[in-house]
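*Asks:* Position chain B against the provided structure of chain A, taking the given hints into account.
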Amino acid sequence: MTTVQDARSAPPSARTGTGRGRRRSRRLTSHDRITLTLMGGVPTLLTVGLVWLPALLSVALSFSSWPGIGGVSSIHWVGLENYRNIFTEYPQFPPAIEHNLLWLAVFFLLPAPFGLFLAVQLDKQIRFSRLYQSVLFLPVVLSLALIGFMTELIFSPTQGLINNLTGDTHQGNMIDWLGDPHLNIWAVLVMACWRQTGYVMILYLAGLKSVDPSLKEAAALDGANGWQAFQHVVWPALRSINVVVLVITVIESLRAFDIVYIINRGTDGLELLSVLVTDNIIGEASRIGFGSALATILLVISLAFIVPYLITIFRKDERE
Amino acid sequence: MAQSTSGGHQLSRRSLLRTAALGTGALALPPVLTACSSGSGSGGSGTDSKTVSFGSNAAVPEPKGAYETVFAAAKSATGISVDVNWVDHNTFQQNITTYLQGNPQDVFNWFAGERMQFFAGQGLLSTVDDVWSAIGSNYTDAMKAQSKGTDGHYYFVPFDYYPWAVFYNKSLWQSKGYTAPTTWDEFTALAKKMKSDGLIPIAFTDKDGWPAMGTFDYLNMRMNGFTFHINLMRSGQGWNSPQVKAVFDQWRELIPYYSPGFLGLTWQEGAQQILNKQAGMMVLGLDQIGTIFTGSNAGNLGFFPFPTVNPSYGQDAVEAPIDGFMMVKSPKNHDGAVKLLEYLGTAKAQQIWLGSNPADIATANGVDTSKYTQPQTDAMKLIQGAKQISQFMDRDTRPDFADPVMLPQIQSFLNDPGSISGILSNIDKQAKSIWASNG
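Keeping their order, the protein sequence lines are chains A and B. So in UniProt numbering, spot 87 of the first sequence is number 87, and the numbers just go up one at a time. So in UniProt numbering, spot 326 of the second sequence is number 326, and the numbers just go up one at a time.
To be clear, the hints were calculated from the coordinates, so they are not data collected in a lab. Don't take every hint at face value.
As the list claims (entries may be wrong) - Here are the simulated SDA-like pairs of lysine to any residue, each with C-alpha atoms no more than 20 Å apart in a straight line:
| id | chain 1 | residue 1 | chain 2 | residue 2 |
| --- | --- | --- | --- | --- |
| 1 | B | Lys432 | A | Glu81 |
| 2 | B | Lys387 | B | Phe226 |
| 3 | B | Lys429 | A | Gly79 |
| 4 | A | Lys124 | A | Leu208 |
| 5 | A | Lys209 | A | Asp123 |
| 6 | B | Lys245 | A | Glu89 |
| 7 | B | Lys429 | A | Pro91 |
| 8 | B | Lys245 | B | Thr227 |
| 9 | B | Lys432 | B | Pro242 |
| 10 | B | Lys432 | A | Pro91 |
| 11 | B | Lys245 | A | Pro91 |
| 12 | B | Lys432 | A | His76 |
| 13 | B | Lys195 | A | Asn173 |
| 14 | B | Lys329 | B | Gln122 |
| 15 | B | Lys432 | A | Gly79 |
| 16 | B | Lys193 | B | Pro181 |
| 17 | B | Lys176 | B | Asn276 |
Small disclaimer: the values here were computed from a predicted structure and weren't measured.
Isolated chain A, as found in the complex (with noise of 0.2 Å):
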């Protein structure tokens, strides 16, 4: 996405340089319109021939029925067979979609804020601010590949380190965090949180620093008491870092997957989008039409988030 937004911003750039004056047109020379075409053109080829490209050729096979061998001439035309399929017998699908959604609400509603309370208290210049910051931010730098492995560790019903805290290891009184499909999830969702909490705290601290101090002050020197000041003054200055957030959210809540293939391969009530695709496409036999339905469901549901955000973005540059 980001690539998207430089390759788009920098025509532009050249466009009003060339508009608004003279001297910023003799400028550019020819070393700097190379620069600059650069700069636009590599990103937006890398985008449209790694990201678009493929894309557009999965939703072209989503109508398809093909198992990958052979040439391109074994591929059949199915039509809506595929999507047919999806909604009306795999079963997999409806636990697949509301695991994503219930990752996506979760998301919001715990790490997020939680990680901006975080960010507001480090903020605040306590004690062993940077070791509270640390230990934080750890998680972040392991991969979710290396939490699922923990997951297991600290849930596994038999030699996990809760049911053993517990006393819950035996026949009978065991809880069984993995294998029970209305369990496991919430037990995978705290893991995740506990990662993502980190990396929403930190994104919040960056954009807390940017807060000109003097801000602070002149609303201290006014009254406002510490919630005012939050509310009135750095609330309103986080207004881009929220975005970010927002987004970092939803791509994270889609994109979920290292971590539940790790304990399951996403079978048995931790069934994701992402894995569902990844089981038909990447395997010993492949349905990669069915896969690629699957896929171009995710596509839409993604595109569902980013075109309203894309769209209240370009609008407020316009108004700028």
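*Replies:* The following block gives chain B in isolation, referenced to the frame of chain A:
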């Protein structure tokens, strides 16, 4: 993940993690394998008539060492040196379609059954009829049948295999005075007795998804017969039939005796329950549980064939997955590959490979069985006494049906046995659309 049925060679948490991490990378870049094979130079040196390249799914130390030994022996016996591309077990299986269409090695590890015939049918393999004219006398007719494609040509050279059965800890059974049941009623009565003795009657663990398939296969073969089972696997027709429904209804009787929280446990954890005398018995393959009962424990591993349900089918069928080798469509050194396969199809080569491995047995006749452990000898007797041999659900049916459809659906059944009617009608629908499509 059923792939692991074949190579249960001590799948540690770490290797699982690595596999999954590789799998994740594969989402972004499927032809990882092809890249490995063409890039490293390993396996690419085709002009050399003394070298045969080999794609191995045995990157973990235990079988890797055994293969290195047997390849060294192959060099001194045939003058052919083997250039191996070692790949992680599950990654190898996951990428097989891409691999075979890329720049594959001449010879590679694979499995018998539909899992072989599927790729033969796609035209991705060479026939090995010329190899069989040399090694034919080393094998039983059952083995020959398992090595042919649907067109009657040979595509596969069997190497090692192992039976699925009901395993138990001998010393636990001796101390409690249990005896092996042969019928269903004796089996459930024994389970009940074990429960009252404070044991987990049946160690059953299905977090990986595939181990449960073994129980289905056996129940289906015992209740409906081998022919019905194989037809169901091959044609995908009849999933929503009263016969299959009866299998799941029978299966329900066992669920109360299973390990608590079995959907959150791996087969290794289940096998540990047997080893640690917490559980009474377990339906599993020797290839898996044999890697848990090692060293001084090896002799403590006992098993009995899955009990009779319908007397007219008795205990005729045995599930014994066969591992072996295949040759790719256009090998760079065809003659060398034939020579290597001829060597690997001998009792001598298989004996060298087996070494001290107590979890598999050789497929060729004439292996010195005095070197076998007790479980291996018992396994050989069990398989030789079988009237029919099945492979395993993920080897007997289409690969795009076994893992993507059956694995999660069996888990749904185990979670909620009452919903079996809906599950079966759904399996039936999915089977129909998968068999009707070409992918």
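*Asks:* All the hints need checking, so say for each whether the structure fits it.
*Replies:* Status of the hints after comparison with the structure:
no.	hint	verdict
1	Lys432(B) x Glu81(A)	holds, 13 Å
2	Lys387(B) x Phe226(B)	holds, 9 Å
3	Lys429(B) x Gly79(A)	holds, 18 Å
4	Lys124(A) x Leu208(A)	holds, 10 Å
5	Lys209(A) x Asp123(A)	holds, 8 Å
6	Lys245(B) x Glu89(A)	holds, 19 Å
7	Lys429(B) x Pro91(A)	holds, 11 Å
8	Lys245(B) x Thr227(B)	holds, 17 Å
9	Lys432(B) x Pro242(B)	holds, 17 Å
10	Lys432(B) x Pro91(A)	holds, 15 Å
11	Lys245(B) x Pro91(A)	holds, 19 Å
12	Lys432(B) x His76(A)	holds, 17 Å
13	Lys195(B) x Asn173(A)	holds, 16 Å
14	Lys329(B) x Gln122(B)	holds, 10 Å
15	Lys432(B) x Gly79(A)	holds, 17 Å
16	Lys193(B) x Pro181(B)	holds, 12 Å
17	Lys176(B) x Asn276(B)	holds, 15 Å
Hint compliance for this structure: no hint is broken.
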